[in-house]
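Note that the protein sequences, when read in sequence, are chains Y and L. Per the working numbering, the first sequence starts with residue 1, numbered consecutively. Per the working numbering, the second sequence starts with residue 1, numbered consecutively.
Honestly, the hints are just simulated from the structure, not real lab data. The beta carbon of each residue, even a glycine, is placed where N, CA and C say it ideally should be. Among these hints, one or two may not hold up.
Said to hold, decoys possible - Quick look at which bits of chain L chain Y covers, simulated, 3 or more residues with Cβ under 8 Å:
hint : region
1    : 137-149
2    : 308-318
Said to hold, decoys possible - The calculated DSS-like cross-link candidates involving lysine-lysine, where the alpha carbons are at most 27 Å apart (straight line), are:
hint : chain 1 : residue 1 : chain 2 : residue 2
3    : L       : Lys-228   : L       : Lys-304
4    : L       : Lys-318   : L       : Lys-276
5    : L       : Lys-264   : L       : Lys-318
6    : L       : Lys-86    : Y       : Lys-217
7    : L       : Lys-122   : Y       : Lys-217
8    : L       : Lys-140   : Y       : Lys-217
9    : Y       : Lys-47    : Y       : Lys-58
10   : L       : Lys-114   : L       : Lys-140
11   : L       : Lys-228   : L       : Lys-86
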Amino acid sequence: MTAILLNIPWAEIGEATLDTLLMLSLSLAATVIIGLPLGVMLFLTGKRQLLEQPIFYKVTSFVVNLLRSVPFIILLIVMMPLTEILIGTSLGVRGSIPPLVVGAAPFFARLVETALREVDRGIIEATQSMGATTRQIVLGALIPEALPGIIAGVTVTAIALVSYTAMSGVVGGGGLGDLSVRYGYHRHQNDVMVVTVFLLVVLVQLLQMFGDRLVLKFSRR
Amino acid sequence: MSSLLAFHNVSKSYRVNDALVPALHDINLSVSQGEIYGVIGHSGAGKSTLIRLINLLERPTSGSIWVDGQNLMELNDQALRDMRRKIGMIFQHFNLLSSKTVAQNIAFPLEIAKCYTADEIKRRVGALMDRVGLGDQAHKYPAQLSGGQKQRVGIARALANEPRVLLCDEATSALDPQTTQSVLRLLNEINVDLKLTIVLITHEMNVIRSLCDHVAVLDGGRVMEEGKVSDVFLHPQHETSRRFVYESEAWDESTIAAAFAHVKGKLVRLTFRGDKTYEPVLSSAMREHDIEFYIVSGRIDKIKNVPYGQLVISLNGKQIDEALAYFRAREIRVEEMR
Ligand SMILES: Nc1ncnc2c1ncn2[C@@H]1O[C@H](COP(=O)(O)OP(=O)(O)O)[C@@H](O)[C@H]1O
Ligand SMILES: [Mg+2]
Chain Y
1 MTAILLNIPW AEIGEATLDT LLMLSLSLAA TVIIGLPLGV MLFLTGKRQL LEQPIFYKVT
61 SFVVNLLRSV PFIILLIVMM PLTEILIGTS LGVRGSIPPL VVGAAPFFAR LVETALREVD
121 RGIIEATQSM GATTRQIVLG ALIPEALPGI IAGVTVTAIA LVSYTAMSGV VGGGGLGDLS
181 VRYGYHRHQN DVMVVTVFLL VVLVQLLQMF GDRLVLKFSR R
Chain L
1 MSSLLAFHNV SKSYRVNDAL VPALHDINLS VSQGEIYGVI GHSGAGKSTL IRLINLLERP
61 TSGSIWVDGQ NLMELNDQAL RDMRRKIGMI FQHFNLLSSK TVAQNIAFPL EIAKCYTADE
121 IKRRVGALMD RVGLGDQAHK YPAQLSGGQK QRVGIARALA NEPRVLLCDE ATSALDPQTT
181 QSVLRLLNEI NVDLKLTIVL ITHEMNVIRS LCDHVAVLDG GRVMEEGKVS DVFLHPQHET
241 SRRFVYESEA WDESTIAAAF AHVKGKLVRL TFRGDKTYEP VLSSAMREHD IEFYIVSGRI
301 DKIKNVPYGQ LVISLNGKQI DEALAYFRAR EIRVEEMR
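Bound-form chain Y, shown alone (with noise of 0.2 Å):
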């Protein structure tokens, strides 16, 4: 047993796991940081909304869904270019940022979207005939109603974000994913592919749990 441990790189996974992390919760920023803004457009701009504009929301719609539906592993490689020109590099933890908030942002704005979408009609008439602005009627009631919705959302993403991190460090992120594939499958050191594994688990596991938690802290219902 202690010879198994003992075989284990525990410096390099330690470092895998700070890499994952910091990959983890700077794209799970910027996802929200533009995917709540965009998925707010969405909502506003839809059928019968208060901002209701037709052409914008099917382009805006079409876009989402093409980012969508575009294979996570294609996105990294066919993003790689576009990557070095915006950051520099297309290598390390800051390369691998872009291609994963342009994976996650669409998908987080459609899940805004719905959450928005669930709020009760007359929260957002009885906020109008207050004399309400847009603006007002948007942060004022409808993300403070749709929270626990949004939250829930970005539990969602932050586990798929988990996964793509894994997909790019094989393209030179680094990180847990990096080191599952070199030692697994390129040395057939099978433990290590376990330890690595266990603790991609463990993350997924500790998101939901926390996601879960701000969740019921937050409904009201």
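Position chain L with the ligands relative to chain Y; hints supplied.
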């Protein structure tokens, strides 16, 4: 009395799949400052559409709507928002924000108005909560309140910006009868204390009877009858109004007509209003004239705290005409039925 709110030839059609579906036809209404104005109609009559036109939650297809001397059709976005602050609204399903506490819900319109300091908001919210009898519920969430309490929060919220008019969209339809009564009492108090004009829509004649000064009867998107509640309630002119009145009285005119068939003598309906209701007019008429009577049917109740009585009596004797003249001289309305 001056008119606070008026509809001029207002029509409204909804666009459904490229077809225009009419909901309101050529509505003309006028609501006076300080009164409670009721609109009654069955489901689908266009009541919600009508009340939602008053703060332009729906826009009319044609015609104009005036509130406080301003034509709503001519307001730009900012002016419309300012106008909406002067028009409070409460809803059948309350529409409270579930994510905010009672106090936060009531503070919300004040925050939107952006013309109060935090201290002022706190003070106003406290006063509003006391006004609606929720002083001790400040930190509860709507999910923790009963239906009646939720509607009280809705009322406090609607009053927050000191509106010129309060719109009530079936405000008691989701409440049980007792709670309905207490919410109606609160609305009446507010009307009296603040001299606040109220427009309410309902499908229950009892709400109209216990609260309203004027009523419009809506059917198929048209105003069938309009007038003082006492007139419409005691002498409904239109079929729809009659049905509402008789429904609320659990009174079926056709069976009563049949019941009268074998009644001898002259049938008349007498309507007493106000203090006359409690005067011994019938017995004094009998003393002074050679008549006998008996009561075939009747109802005695109050319309917004004013008592009324409506009796169908059978008259026999030699001085029937004199007796009828005697009633008329005492401002009792006499309708000869047979
Ligand atoms: N948003 C809408 N779109 C299309 N038709 C509507 C809409 N709202 C109401 N209507 C129609 O207008 C008519 C009047 O509806 P409404 O004003 O809600 O009546 P009420 O409140 O008296 O039940 C109904 O026939 C209803 O189907
Ligand atoms: Mg309705």
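A quick look at each hint next to the structure:
Three residues within the 8 Å Cβ limit are the bar, and the region 137-149 of chain L against chain Y gives 3, so the coverage statement holds. Under the rule that three or more residues need a Cβ within less than 8 Å of chain Y, the assignment of the region 308-318 of chain L is violated, with 0 such residues. Restraint check for Lys-228(L) and Lys-304(L): the C-alpha separation of about 11 Å stays at or below 27 Å, so the hint holds. Between the alpha carbons of Lys-318(L) and Lys-276(L) the distance comes to roughly 25 Å, so the proposed pair stays at or under 27 Å and holds.
With a C-alpha separation of about 14 Å, the suggested pairing of Lys-264(L) with Lys-318(L) holds against the 27 Å cut-off. Between Lys-86(L) and Lys-217(Y) the CA atoms are separated by roughly 36 Å; this puts the pair beyond 27 Å, and the hint is violated. With a CA separation close to 25 Å, the supplied pair Lys-122(L) and Lys-217(Y) stays within the 27 Å bound. Note on Lys-140(L) and Lys-217(Y): the hinted pairing holds, with a Cα-Cα distance of about 15 Å set against a maximum of 27 Å.
For the given pair, Lys-47(Y) sits about 10 Å from Lys-58(Y) by alpha-carbon distance, which is consistent with the 27 Å threshold. Note on Lys-114(L) and Lys-140(L): the hinted pairing holds, with a Cα-Cα distance of about 24 Å set against a maximum of 27 Å. Proposed proximity of Lys-228(L) and Lys-86(L) is supported: the alpha carbons are some 26 Å apart, at most 27 Å.
In summary, the structure is inconsistent with hints 2, 6 from the numbered list given earlier, while agreeing with the others.
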